[in-house]
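These protein sequences, in sequence, are chains C and F. Residue 288 in this note's numbering sits at position 288 of the first sequence, and the numbers go up by one each step. So the number in this note's numbering is just where the residue sits in the second sequence, counting from 1, plus 318.
Please keep in mind that the hints were generated in silico from the structure rather than gathered at the bench. Misleading hints may appear alongside valid ones.
What the hints assert, rightly or not - In silico lysine-lysine, DSS-like type, Cα no more than 27 Å apart, as pairs:
(1) K355/F with K326/F
(2) K355/F with K345/F
(3) K234/C with K310/C
(4) K326/F with K42/C
(5) K355/F with K19/C
What the hints assert, rightly or not - Computed spacing ranges between beta-carbons, pair by pair:
(6) R143/C with Q323/F: 32 to 40 Å
(7) T411/F with W155/C: 31 to 39 Å
(8) D359/F with M139/C: 31 to 39 Å
Glycine included, C-beta positions come from ideal geometry on N, C-alpha and C.
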Amino acid sequence: MDLVTRYIAAVQRELPENKRDEIGRELNANIRDQLDALAEQKGELSDDDSAAVLLQMGHPRDVAQQFVPPQPLISLAYMPVYRYTLYMVLGILFVLQIIASTSAWLHSQFGLLLYLKSVASGFIGDACLAFTAITVTYMLLSREPAAAAKAKPNWHPRQLPAVGPGWQTISLQNIFTDLGTYAFLLVMIWYPLWFSPEQLDAQRISLSEPARQFLAWCTPVLLAGIVLNIGQLKQRFWNRPMLMANILVNSALVVILLYLAINVPLLQIKVDVWPYAFDWESLQFSIVLCLLITACFPAYELGRDLLRLKRLASSQVR
Amino acid sequence: MTQSQLDKIRLELRRGVLVLAVLASLKEAHYGYSLRKQLNDNGIEIDEGTLYPLIRRLAEQGLLDSEWQQGEGRERRYYQLSVSGHTLLGQLTEEWQQLNGALSNLLGVQPEEIA
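Next comes chain C alone, as it looks inside the complex (with noise of 0.2 Å):
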């Protein structure tokens, strides 16, 4: 019976303090019923027989779980919006790291790998926050039944878009990375502004003017970028007039991107301050090659938009 006794404990441990005692009174009444049955049949039982029973109704746990299954952290009807919603908020927080680490890079010029570091390590900090904020919320809403109900999107069959290929869905990865790099770059262009004249001054590496200015005359393409990755998180569907706007906004920044690499020396180093970089000529063709590489990113985008709505046009012929 000691056997018993010690399986009711370990049932018990694994239940709720409200439910322990009722639950582990009736399990030993069902039991010890099922022992005086087998006892009737084969005579006075020994510990082995009671733990082939007791083997025989499962493991602690599982019986535990059974009087009480085991609630999923967050209800299954939240668990889409749940999930948008760390995407989203992921995703914005990722655009504001770029932002502050751009920032911290061009006050403090340190290397790229360290800049690289501190939106990696910015980015992990704040999102382990987030992650954990958004869980508990959704923890919380989901103790209420009748709230996971409410849940539940209204909708309708018509607003449901046409259908099309796979490629027509737009991740928010992509959405975030595109926000990021046009933060990124508007941070690069407009410094200055919030620069005082003695920090633009102490820096050893900085954008040369004319590239300065040639990029500020392009801020309307970049902002064009953020104006249509923000309509493409309220419909993240590839359609005709969204793809036409991605092809422009990429050929603009190919051609930026090229003038660039041809035309306008990218940087200002004050060689006197910095006397271990590269020689001049070696550094600007460094630049060139890495301006001609990141032209390819817009230009990949270009010629897949453009093979897109080729498909598109065709399938609407159809």
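Starting from the structure of chain C, add chain F where the hints point.
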């Protein structure tokens, strides 16, 4: 089809029916072990880990009344259908008969043959 796939489908098939079987058995008062024995005697095998939590859930939903009683030198919790349990049993029985009839047509056998 493997044995485990068959077991899984059988388990799903039986899950809903078990509630009906338990409610039908509890027209008379039973304690946990006696209920299990009655079900087994009628050809419905159910393990303790499934039956005892199921009775408790039905009682928590107000479908069963329960009472602790002393019997044969031991306390036991007896369960019996409550008023709403009786109502539900009537509705489920009707539903079961309709399903049974419909399935008989689909399977091309008489209801007695299925049972």
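Checked hints:
no. : hint                           : in the structure
1   : K355/F with K326/F             : holds, 24 Å
2   : K355/F with K345/F             : holds, 15 Å
3   : K234/C with K310/C             : holds, 24 Å
4   : K326/F with K42/C              : violated, 34 Å
5   : K355/F with K19/C              : holds, 26 Å
6   : R143/C with Q323/F: 32 to 40 Å : holds, 36 Å
7   : T411/F with W155/C: 31 to 39 Å : holds, 38 Å
8   : D359/F with M139/C: 31 to 39 Å : violated, 46 Å
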